[in-house]
Amino acid sequence: MDLLEYQGKQLFARHGVPVPDGAPASSVEEAVQRARELGFPCVVKAQVQIGGRGKAGGIKVANSVEEAEEHARAILGMDIRGHTVHEVWIERASDIAAEYYASIVFDRSAKAPLLMLSTRGGMDIEAVAEEDPAAIARLHVDPLLGFQDFHARRLCFAAGVDADVVRPVGALLARLYDAFVAEEAMLVEVNPLIVTGERDVVALDAKVTLDGNALFRHPDNAKLRDPAGDDPQERMAKERGLTYVKLDGDVGILGNGAGLVMSTLDVVAQAGGRPANFLDAGGGSKAEAIVDAVEVILSDAKVKAVLFNIFGGITRCDEVARGLIEAFAQVKPTVPFVVRLNGTNEEEGRALLAEADLPNVTVEATMDGAAERVVELAA
Amino acid sequence: MDLLEYQGKQLFARHGVPVPDGAPASSVEEAVQRARELGFPCVVKAQVQIGGRGKAGGIKVANSVEEAEEHARAILGMDIRGHTVHEVWIERASDIAAEYYASIVFDRSAKAPLLMLSTRGGMDIEAVAEEDPAAIARLHVDPLLGFQDFHARRLCFAAGVDADVVRPVGALLARLYDAFVAEEAMLVEVNPLIVTGERDVVALDAKVTLDGNALFRHPDNAKLRDPAGDDPQERMAKERGLTYVKLDGDVGILGNGAGLVMSTLDVVAQAGGRPANFLDAGGGSKAEAIVDAVEVILSDAKVKAVLFNIFGGITRCDEVARGLIEAFAQVKPTVPFVVRLNGTNEEEGRALLAEADLPNVTVEATMDGAAERVVELAA
Amino acid sequence: MSVLVDRDTRLVVTGLTGREGTFHGLNNRRYGTEVVAGVTPGKAGQDVEGIPIFDTVHDAVEQAGANTAMVFVPPRFAADSILEAADAGVQTIVAITEGIPAHDMLRVYTHLRRGTTRLIGPNCPGVLSPGKANVGIIPASFFSEGNVGIVSRSGTLTYQIGYEIAQRGFGNSSIVGIGGDPIVGSDFIDVISLFQADDETELIVMCGEIGGDAEERTADFVADNVTKPVVGYIAGFTAPPGKTMGHAGAIVSGSKGTAAAKAQALEAKGVRVGRTPTEVAAIAVEILGGVRT
Amino acid sequence: MSVLVDRDTRLVVTGLTGREGTFHGLNNRRYGTEVVAGVTPGKAGQDVEGIPIFDTVHDAVEQAGANTAMVFVPPRFAADSILEAADAGVQTIVAITEGIPAHDMLRVYTHLRRGTTRLIGPNCPGVLSPGKANVGIIPASFFSEGNVGIVSRSGTLTYQIGYEIAQRGFGNSSIVGIGGDPIVGSDFIDVISLFQADDETELIVMCGEIGGDAEERTADFVADNVTKPVVGYIAGFTAPPGKTMGHAGAIVSGSKGTAAAKAQALEAKGVRVGRTPTEVAAIAVEILGGVRT
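Protein chains in written order, with the working numbering: chain A, 5 to 383; chain B, 5 to 383; chain C, 115 to 407; chain D, 115 to 407.
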């Protein structure tokens, strides 16, 4: 789960990571009021989960109430590469002497948090990483021992941080690590991490990704989940507890188990089809879940045919069949369905389908055969 | 550093360990006022760092303002085995259905925190440990992994905690462990840990020993240090940063390094003398520290002779000699001194002493010889 | 032979008294697995169809001789359950639970790697050694004893591939689902090492998917250490970057972790990679010497 | 031979630029120890009488080839300094600092025991291998090369006993102060194992003191594993129960941990225990075959 910049900054502030004063606003009036309170110059920043806001005109400095109003009006509602700006963050302008980069990544390969620090912040860090990898100091932290002062020193000296700010940068890294662990983040990134003219060290941006599986321990973070940015189908699926990813084809796909569904997409693509979605009905799918899933898949108007690819383990094929029958009764789909059932209770499942004799439903014996059939039907 | 019961309870409360409502008082008027606020029945508890307060009459239940006043008057100023009661703790009386015991000890042998839980609380736990060791469930916690829920379950089931309070007792142990680690304690002990008639689990007593070396990280705890209970010589030594333990003999002893001082006491005892104190002037002792040390040793009127036993490592013998000369100038001791100097700059040290020609100071070449000489002089 | 679970397995199931725990625990017992204990705190003395319940895994180890644990408790309790089993001296832990917080697993993984306990999963279907023992939720009826070892990040995909191989007359030494989370207790390399050392296994099938670099690291390992033939499969060629495809670990980040890159890495080290489950089965059978009837 | 430090020792001193660090670091160099680096963050490029200063221990290891570290920083920074040295790959760390918080050392000890780094101390005088290297604050001038290994929880007491043995014409393989804190990196057993394996050491002297049960555990270890003669000393017969005698470690609780109990435990396992430093020296010399002139 990705946070907006200002949500990340508020999270940072809770853990003592220094951030500029600021306030969010979702209307022009509110934005002007916040700007007045903060004083000028201040910065009006579009709150969207995508990079390159500055280039797109989503970040503007205001030197007066008039300018604040003008910028808020321009930015609120703006579309930045497919993301509509619903909120702005008004923040006191900072006096920037140097721009650094700092991040902590959950490194699944090393199985440890990876810390990175560079004095070449404020720009595209991936470009820096490619053209001059040595410009980014990196080290892993033992997850049980935790962050130690020497980690901060090593990073600062390796990155070439200005001598007079080695201590405050190190202190900020320690606080950032606290935030990473305490909030169970998968990523915390500060770009740029600035040194001000007065040699204060401040996080001028914040990118935070939280672990969705850990939100039960962080009810305040869970509330930040903002479905407004989601695709309507994805939002609907989420509300129903389904794992659904929208794609841009016309073959609707449902399977059980993430690997099998990914594989089904691939097989459909190889058969010449274009998958409309990824939908994992999950382990132990019950009939109601199947009804929900069919509704989500069919809410995408582009879908011309649907493939059910089930290999039963925890999931029982008879439950899937029952769900499909119920879905036909409730939703009355107009597009053809191809169904392939193997595994736990496959015979009962096929028998139920045969008995129900649903219109426009073909049962196939193999995954490849089912993929070919559904591609034909969608053509 | 040992805390008083009420300081321990306040520390517990900061970490979510449930304790009864209460308030400290250092005068009868204050005690009565606190009792009124808490309501009746309440308990008036002497605050001294020694066990067996109950038997000594230091814990009384008050059912009315009159009784609270009577008890406070009786207990404040009371002497409990050498400890004068300067403060009482007034606490709401608890309805006790069961008395358990819980503690966490810094186990230097296993190099891990040792947790202990027993359903036989409320009494002398050392006696329980001797007559029925199986009545105390014990386990160690990996210091890096920390306390896990399964530790709580293992302890509760092994101790035979009532089934309906396994969860709250486990939760209390988790909080107690938090306190142990966060406050850097060497010991936290709850005896009794009670189950109330309403099946709440509450710490009815609190014994907390903190690591004196860690107090720099805990300024609030450092302020709790109460020198009032110390022996006057020990208090004086503490104020001067010296490690001094008062004993009951007449040979004053100063050495450098705890092991050497302990050994010096033993050698003096073997020579037939009775050491008056343990005083470790420490590594790298400077002349001023020696002056302070001489003052502390001589402030004990029983001292009839003093032995300086120095083996110089960090400590330089010339500094010790300089300190002794300065001490003679300032303090003008009337008792004889025996001095033995070996190690770093021993020749310079001996030369300084020879030159100063202090009255009543004998220089000896060996530790055994010095011990024999000082015992003769004290006789 | 086989790997991880066999006739010596003495299984304790944490969460046995739960609905799913009971269903799969009994299923495993029906298959022939020695299910010697269940653990549910506060229910010691009860039983699930004759399987005794204990308060702690320690009691299950001491009193029922459990040497393997299957973790079937909800995600918020699962890390603790794994640590408890390891602390009790269980040597193999199979964690089925899906949705365990990543930071929990980071601590669990780091702790377990310093000891001798082997963890499979979490978010995995378990381990099946056909004819010997089944620990987990793999539907055993499709699989028979044989010489193909399968290791996979995915559950149902594994069944699919195992099933296709079985259709061609081959059986399996063991089928190991290592799980689809960012941090799993054992990775491809760990399990392939076991298969390499296992007498019965003659060919190894590994099913990877997008995300992370486990497949790339495995390619190097196979080239240097594995003499048995390895056939690969990677799911997720169609997955767009930045989207989590069901498994917490299945995500293409930027240009990293794509199926194409993984397949390429494997092929560069001489591992043949099938583009569909059917093709994987065909390659395996070709190497093993053709369809058995 | 000798243990822990010798002519191959390449020492980095953390805190070399501090007053005590400079004094003892240069003292160690004068003795012949290869002092190759100092570490003081922010002072890289400077030097202390020709010894180069680095920002981190890692730099000292990489650029100056340090393999041993002496920690001389104040207590609040010492745990971090020890962890840094271990992380940098230093194999032997000697921590002189007194007053490190006990919980810091608990974490450091647990972490280091899972790796291969050996820690001596903290709150110890260091290690002297006469004629080879001196790392720490032991006044070397009293000691010469020889065949008596000394291990001690106390600093000055060690000098006293070593001095008494030297007066009788014997020298030392190594003198190891393990420190007097509740948690030290290496205990008697660790160091006695090294002496047992060391060709040069013919007799081992161990100086214990009240508190804890390290001496009692050592008695069992010596009986089972040590073939060389061991002579013991315990300080603190005169200590009253419940009083802290300088070291946090020297806390007597009830009967356990008293000097009498420790001496008894050692004697029960055949270790002769001297009642004064002089008696220890006399026993050692008797075993070694009389005074050398």
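In case anyone wonders, no lab produced these hints; they're calculated from the structure.
Check the hints yourself; a few may be wrong.
What the hints assert, rightly or not - Just the calculated beta-carbon pair ranges, DEER-fashion:
{"no.": "1", "chain 1": "C", "residue 1": "213", "chain 2": "A", "residue 2": "182", "range": "35 to 43 Å"}
{"no.": "2", "chain 1": "B", "residue 1": "227", "chain 2": "D", "residue 2": "355", "range": "24 to 32 Å"}
{"no.": "3", "chain 1": "B", "residue 1": "167", "chain 2": "A", "residue 2": "333", "range": "46 to 54 Å"}
{"no.": "4", "chain 1": "D", "residue 1": "176", "chain 2": "B", "residue 2": "182", "range": "36 to 44 Å"}
{"no.": "5", "chain 1": "A", "residue 1": "202", "chain 2": "D", "residue 2": "355", "range": "56 to 64 Å"}
{"no.": "6", "chain 1": "C", "residue 1": "229", "chain 2": "A", "residue 2": "333", "range": "32 to 40 Å"}
{"no.": "7", "chain 1": "D", "residue 1": "382", "chain 2": "B", "residue 2": "74", "range": "51 to 59 Å"}
{"no.": "8", "chain 1": "B", "residue 1": "131", "chain 2": "C", "residue 2": "213", "range": "18 to 26 Å"}
{"no.": "9", "chain 1": "D", "residue 1": "307", "chain 2": "B", "residue 2": "138", "range": "29 to 37 Å"}
{"no.": "10", "chain 1": "D", "residue 1": "188", "chain 2": "C", "residue 2": "356", "range": "28 to 36 Å"}
{"no.": "11", "chain 1": "A", "residue 1": "226", "chain 2": "C", "residue 2": "374", "range": "34 to 42 Å"}
{"no.": "12", "chain 1": "D", "residue 1": "144", "chain 2": "A", "residue 2": "25", "range": "54 to 62 Å"}
Backbone N, C-alpha and C define an ideal beta-carbon position, used for all residues, glycine too.
Quiz item: Does the hinted range 56 to 64 Å hold for residue 202/A and residue 355/D at CB?
Solution: About 58 Å separates the Cβ atoms of residue 202/A and residue 355/D, which means 56 to 64 Å holds.
Quiz item: Regarding residue 226/A and residue 374/C, is the given constraint of 34 to 42 Å on their beta-carbon distance met?
Solution: holds, 36 Å
Exercise. With respect to the beta-carbon atoms only, verify the hint that residue 307/D and residue 138/B lie 29 to 37 Å apart.
Key: For residue 138/B against residue 307/D, whose Cβ atoms are near 35 Å apart, the range 29 to 37 Å holds.
Quiz prompt | Status of the given 24 to 32 Å range, CB of residue 355/D versus CB of residue 227/B | solution = Distance hint for residue 227/B, residue 355/D holds at roughly 29 Å.
Exercise. Hint says 32 to 40 Å; check whether the CB-CB distance for residue 229/C and residue 333/A agrees.
Key: 54 Å Cβ-Cβ, so the 32 to 40 Å window is violated.
Quiz item: That 28 to 36 Å hint for residue 188/D and residue 356/C (C-beta), does it hold up?
Solution: Cβ of residue 188/D to Cβ of residue 356/C: about 48 Å, so the range 28 to 36 Å is violated.
Quiz item: Does the hinted range 35 to 43 Å hold for residue 213/C and residue 182/A at CB?
Solution: Between residue 213/C and residue 182/A, where Cβ atoms are some 25 Å apart, the hint is violated.
Quiz item: Quick one: are residue 167/B and residue 333/A within 46 to 54 Å, going by C-beta?
Solution: For residue 167/B and residue 333/A the Cβ distance comes to about 48 Å; the hint holds.
Quiz item: So does residue 176/D sit 36 to 44 Å from residue 182/B, Cβ to Cβ?
Solution: holds, 40 Å
Quiz item: Honestly, do residue 131/B and residue 213/C meet the 18 to 26 Å range at C-beta?
Solution: Violated, since residue 131/B and residue 213/C (Cβ atoms, about 49 Å apart) do not stay within the stated range.
Quiz prompt | Whether the CB-CB distance between residue 382/D and residue 74/B falls inside 51 to 59 Å | solution = holds, 57 Å
Quiz prompt | residue 144/D versus residue 25/A beta-carbon gap, inside 54 to 62 Å or not | solution = holds, 57 Å
Figure legend: structure checked against the earlier numbered hints; hints not met, in rising order: 1, 6, 8, 10.
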